[in-house]
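S.K.: Keeping their order, the protein sequence lines are chains A and B. Mapping of the first sequence onto the working numbering: residues 1 to 113, in sequence order. Mapping of the second sequence onto the working numbering: residues 114 to 229, in sequence order.
I should point out that these hints are in silico values taken from the structure, not numbers from a laboratory. No residue lacks a Cβ here, since even glycine has one placed at the ideal position from N, Cα and C. Some hints could be false.
Stated by the list, open to error - If you anchor each label on the Cβ, the simulated ranges turn out as follows:
id : chain 1 : residue 1 : chain 2 : residue 2 : range
1  : A       : 62        : B       : 170       : 37 to 43 Å
2  : B       : 133       : A       : 95        : 25 to 31 Å
3  : B       : 229       : A       : 106       : 24 to 30 Å
Unchecked claim - Distance condition first, Cα-Cα at most 35 Å in a straight line; then the derived DSBU-like pairs of lysine-lysine:
id : chain 1 : residue 1 : chain 2 : residue 2
4  : A       : 9         : B       : 221
5  : B       : 168       : B       : 221
6  : A       : 57        : B       : 186
7  : A       : 14        : B       : 221
8  : B       : 221       : A       : 57
9  : B       : 168       : A       : 71
10 : B       : 191       : B       : 221
11 : B       : 183       : A       : 57
12 : A       : 71        : B       : 221
13 : A       : 57        : B       : 168
14 : A       : 9         : B       : 191
15 : B       : 186       : B       : 221
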Amino acid sequence: NAGVTQTPKFQVLKTGQSMTLQCAQDMNHNSMYWYRQDPGMGLRLIYYSASEGTTDKGEVPNGYNVSRLNKREFSLRLESAAPSQTSVYFCASRPDRIGQPQHFGDGTRLSIL
Amino acid sequence: AQTVTQSQPEMSVQEAETVTLSCTYDTSESDYYLFWYKQPPSRQMILVIRQEAYKQQNATENRFSVNFQKAAKSFSLKISDSQLGDAAMYFCAYRRGGGGADGLTFGKGTHLIIQP
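Could you build the full structure based on these sequences and the hints that come with them?
M.R.: Rendered as structure tokens:
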């Protein structure tokens with residue numbers, strides 16, 4: 001049972017390059033999320049998706065775009081990477097039943113030089 | 114906007130002792146959920162325990178229990194009989210109630226050190 005799978009696990013980019021982080025879940029969840037985690041900080045919500053074809057901004061959406069093309073997959077795109085986007089990125093999904101916890105992927109460590 | 118505050122950046126405890134991690138939150142909602150997540154050096158986010166705000170009874174999961182004080186907006190985590198494997202970052206998180214897809218609001222975390 002894979003749960004939430006994120007690819008890649010590590011990536012180094014140069015400033016200005018573009019990159020898409022992939023996330024897929026096999027638990028048939030409707031809700032999916034992207035967070036970033038910076039040193040000394042908790043996770044902060046970038047974007048979320050309540051269902052296929054819908055997305056909403058979270059706390060820190062600037063500089064990112066997302067796509068929810070189907071129920072399983074939710075991708076995060078950096079169009080022109082900046083050093084301030086160096087972070088660890090987590091994808092998560094959540095069962096529909098109210099109050100259920102989110103299930104997290106293992107994270108992607110992204111460094112932008 | 115909701116905020117979650119963890120006032121202890123780091124805590125240290127002897128193996129087999131009990132430790133309590135603090136968390137306070139600010140919200141105007143009456144229906145919400147609170148969670149504690151553990152993040153070991155492997156970077157995984159592991160659910161430790163959750164609490165529904167409408168429940169007065171404190172949640173318990175084996176050696177982990179919470180002290181939920183709704184009026185004080187406090188949600189502390191007690192770890193009994195601490196083990197070396199408990200060493201990790203611990204994050205308190207809040208989610209608004211209802212059927213929406215809202216994400217979690219996290220505190221900055223507490224680094225728990227277990228002394229052998």
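S.K.: Quickly compare the C-alpha distance for residue 14 (chain A) and residue 221 (chain B) to 35 Å and report which way the hint goes.
M.R.: holds (28 Å)
S.K.: Falls inside 37 to 43 Å, the C-beta gap from residue 62 (chain A) to residue 170 (chain B)?
M.R.: About 41 Å separates the Cβ atoms of residue 62 (chain A) and residue 170 (chain B), which means 37 to 43 Å holds.
S.K.: Given a hinted range of 25 to 31 Å, is it respected by the beta-carbon distance of residue 133 (chain B) and residue 95 (chain A)?
M.R.: holds (30 Å)
S.K.: Assess, step by step, whether the Cα of residue 168 (chain B) is no farther than 35 Å from the Cα of residue 71 (chain A), and give holds or violated.
M.R.: holds (32 Å)
S.K.: Does 24 to 30 Å hold as the CB distance between residue 229 (chain B) and residue 106 (chain A), or does it fail?
M.R.: holds (28 Å)
S.K.: Keeping to a limit of 35 Å between CA atoms, is the pair of residue 186 (chain B) and residue 221 (chain B) held or broken?
M.R.: holds (17 Å)
S.K.: Below or equal to 35 Å on CA atoms is what counts here, so check residue 57 (chain A) against residue 186 (chain B).
M.R.: Judged against 35 Å, a Cα distance of about 27 Å means the pair holds.
S.K.: Hey, residue 9 (chain A) versus residue 221 (chain B), does the alpha-carbon distance stay inside 35 Å?
M.R.: Between residue 9 (chain A) and residue 221 (chain B) the Cα gap is close to 23 Å, so the pair holds against 35 Å.
S.K.: Hey, residue 9 (chain A) versus residue 191 (chain B), does the alpha-carbon distance stay inside 35 Å?
M.R.: Since the Cα atoms of residue 9 (chain A) and residue 191 (chain B) sit roughly 33 Å apart, the hinted pair holds (cutoff 35 Å).
S.K.: Given the hinted pair residue 221 (chain B) and residue 57 (chain A), is their Cα-Cα distance within 35 Å?
M.R.: holds (21 Å)
S.K.: Compare the distance between the alpha carbons of residue 57 (chain A) and residue 168 (chain B) with 35 Å, and conclude whether the hinted pair is satisfied.
M.R.: Holds. Residue 57 (chain A) to residue 168 (chain B) sits at ~30 Å (cutoff 35 Å).
S.K.: Regarding the pair residue 71 (chain A) and residue 221 (chain B), is the alpha-carbon distance no greater than 35 Å?
M.R.: holds (31 Å)
Hint compliance for this structure: every hint is met.
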